[in-house]
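Asker: Letter by letter, the chains look like this.
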Amino acid sequence: MKLPAFEYACPATLEEAVALLASRDEARVLAGGQSLVPMMAFRVASPSLLVDLRKLSDLRRITIDNSGVRLGAMVRWRDIEDDARLVSAHPLLEAAVSHVAHYQIRNRGTVGGSIAHADPAAEMPGIAVTCDAEIAVVGAAGSRVIRADDFFIAPLVTALATEEVVTEIRLPAWPPQRRWGFREFSRRRGDFAMAAAAVFYDVDDTGRAYNAHIGAIGVGDRPVRLTAAEAEVTGKVVDVAVSERAGAAASEAVNPHDDIHASGAYRKSLIGTMVERALQSAAGVRVI
Amino acid sequence: MAVSFEVNGKQVTVEVEPRMTLVDCLRYQLRLTGTHVGCEHGVCGACTILVDGEAVRACLMLAVQAEGCKVVTIEGLSNDEALTPLQASFRRHHAVQCGFCTPGMITTAHALLSEEPDCDADRVREVLSGNVCRCTGYISIVEAVLDARSAYRKP
Numbered sequence: 698m699k700l701p702a703f704e705y706a707c708p709a710t711l712e713e714a715v716a717l718l719a720s721r722d723e724a725r726v727l728a729g730g731q732s733l734v735p736m737m738a739f740r741v742a743s744p745s746l747l748v749d750l751r752k753l754s755d756l757r758r759i760t761i762d763n764s765g766v767r768l769g770a771m772v773r774w775r776d777i778e779d780d781a782r783l784v785s786a787h788p789l790l791e792a793a794v795s796h797v798a799h800y801q802i803r804n805r806g807t808v809g810g811s812i813a814h815a816d817p818a819a820e821m822p823g824i825a826v827t828c829d830a831e832i833a834v835v836g837a838a839g840s841r842v843i844r845a846d847d848f849f850i851a852p853l854v855t856a857l858a859t860e861e862v863v864t865e866i867r868l869p870a871w872p873p874q875r876r877w878g879f880r881e882f883s884r885r886r887g888d889f890a891m892a893a894a895a896v897f898y899d900v901d902d903t904g905r906a907y908n909a910h911i912g913a914i915g916v917g918d919r920p921v922r923l924t925a926a927e928a929e930v931t932g933k934v935v936d937v938a939v940s941e942r943a944g945a946a947a948s949e950a951v952n953p954h955d956d957i958h959a960s961g962a963y964r965k966s967l968i969g970t971m972v973e974r975a976l977q978s979a980a981g982v983r984v985i
Numbered sequence: 005m006a007v008s009f010e011v012n013g014k015q016v017t018v019e020v021e022p023r024m025t026l027v028d029c030l031r032y033q034l035r036l037t038g039t040h041v042g043c044e045h046g047v048c049g050a051c052t053i054l055v056d057g058e059a060v061r062a063c064l065m066l067a068v069q070a071e072g073c074k075v076v077t078i079e080g081l082s083n084d085e086a087l088t089p090l091q092a093s094f095r096r097h098h099a100v101q102c103g104f105c106t107p108g109m110i111t112t113a114h115a116l117l118s119e120e121p122d123c124d125a126d127r128v129r130e131v132l133s134g135n136v137c138r139c140t141g142y143i144s145i146v147e148a149v150l151d152a153r154s155a156y157r158k159p
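Chains as they are written, first to last, in this note's numbering: chain A, 698 to 985; chain B, 5 to 159.
The set of hints was computed from the structure by calculation and includes no laboratory data.
Just to be clear, a hint being listed does not mean it is correct.
Now the stretches of chain B that chain A is said to cover, found in silico as 3 or more residues with beta-carbon under 8 Å [stated by the list, open to error]: (1) 14–23; (2) 56–64; (3) 89–95.
Derived pair list, reagent style DSBU-like, types lysine-lysine, alpha-carbon separation capped at 35 Å [to be verified]: (4) B:K158 <-> B:K14; (5) A:K699 <-> B:K74; (6) B:K14 <-> A:K699; (7) A:K752 <-> A:K699; (8) A:K933 <-> A:K965; (9) B:K74 <-> B:K158; (10) A:K699 <-> B:K158; (11) B:K14 <-> A:K752; (12) B:K14 <-> B:K74.
Cβ coordinates follow ideal geometry from the N, Cα and C atoms, glycine included.
Construct the complete structure from the given sequences, taking the supplied hints into account.
Answerer: Given below as structure tokens:
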């Protein structure tokens, strides 16, 4: 359908953007528009004012230093794919982002937009939760930093106030020896995940895993860490048997809903397989 | 609102409501009807155009967002009577059936081959997975794109 009527503003500064958002009810940020515009076409969203961030070039920066990777909110999927530094600076991010959307969408969709949209089946919120990311936002009351785990509340619901803008996603530094894996199942590559697992852990001198992080995407109201699965990995040398036990624990921990794409029972089973395969990929054993 | 941008090499200024998508602006204001509108919510790929050289879905971009951009539509990919190598390849491989998806297929393939003239069949399939052909003639479309690669390679 054609979009409902709205007003449009394209501010030159972040301060101006925040003031515009605070100026009326139902004002919304327009980043890449690849989720918001379809929602408007379906009348799921009918904002009175769109505040376009495209002139805020500071938000397009990818910064990599000792503290980790900082992605400006207007960084597009395509920018992440094109940045050769990220292959070593954050291979899990790079791998997950390769599953985000189709070719044309990747040229406009942004990380900040995905985070603020908070689709529980989207990769970027899942990576943020799995990696203990921090989300920097600016609003009328000033700036603040929100832990990813506190940011995502329910499908399309976040801790963001209406006049706040996501400015940056901060991913902690990635040690070079870290083991990681990402597995996603969808009907076509680029479609939303029916289930996806993002995993990483570090390995001590004896080859045992510590600092295990196992995140699940598409199996609940928001992306989650699966602590029971992490416990199966911690202190172990990750092999096929450990990955199978962690997969079983992952399935046990979730209660996904039925929807048109898959039944809850299917998703529950699928997340176990995704965790199992992601761990096998991380450990370099029996990779599928 | 007035918005100015370049379309197929020509500078244009149009008066649009903010809610007008770029594809509707191209079709109704500028009468460039080669770009097709399928789903209007970013799923089918029929409305694919090039914005600053990159393939984008024109139904998911507002006309007002095109301010200052260089837009190329299917009309801009062939300026004379002769077929481009990509178009000729589509014809040779019978990659056009009803033709509705074809402008989006051609613009998407053009963007891909311009950047990755050595891409393999898997990459072509992955990229074209964002473009729906309801005649389901995908095999001939993929073959046509693969066969056109040589025309995009630098000598």
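Asker: State for each hint whether it applies.
Answerer: Status of the hints after comparison with the structure:
no.: 1; hint: 14–23; verdict: holds (count 3)
no.: 2; hint: 56–64; verdict: holds (count 6)
no.: 3; hint: 89–95; verdict: violated (count 0)
no.: 4; hint: B:K158 <-> B:K14; verdict: 27 Å, holds
no.: 5; hint: A:K699 <-> B:K74; verdict: 24 Å, holds
no.: 6; hint: B:K14 <-> A:K699; verdict: 27 Å, holds
no.: 7; hint: A:K752 <-> A:K699; verdict: 25 Å, holds
no.: 8; hint: A:K933 <-> A:K965; verdict: 25 Å, holds
no.: 9; hint: B:K74 <-> B:K158; verdict: 23 Å, holds
no.: 10; hint: A:K699 <-> B:K158; verdict: 42 Å, violated
no.: 11; hint: B:K14 <-> A:K752; verdict: 23 Å, holds
no.: 12; hint: B:K14 <-> B:K74; verdict: 9 Å, holds
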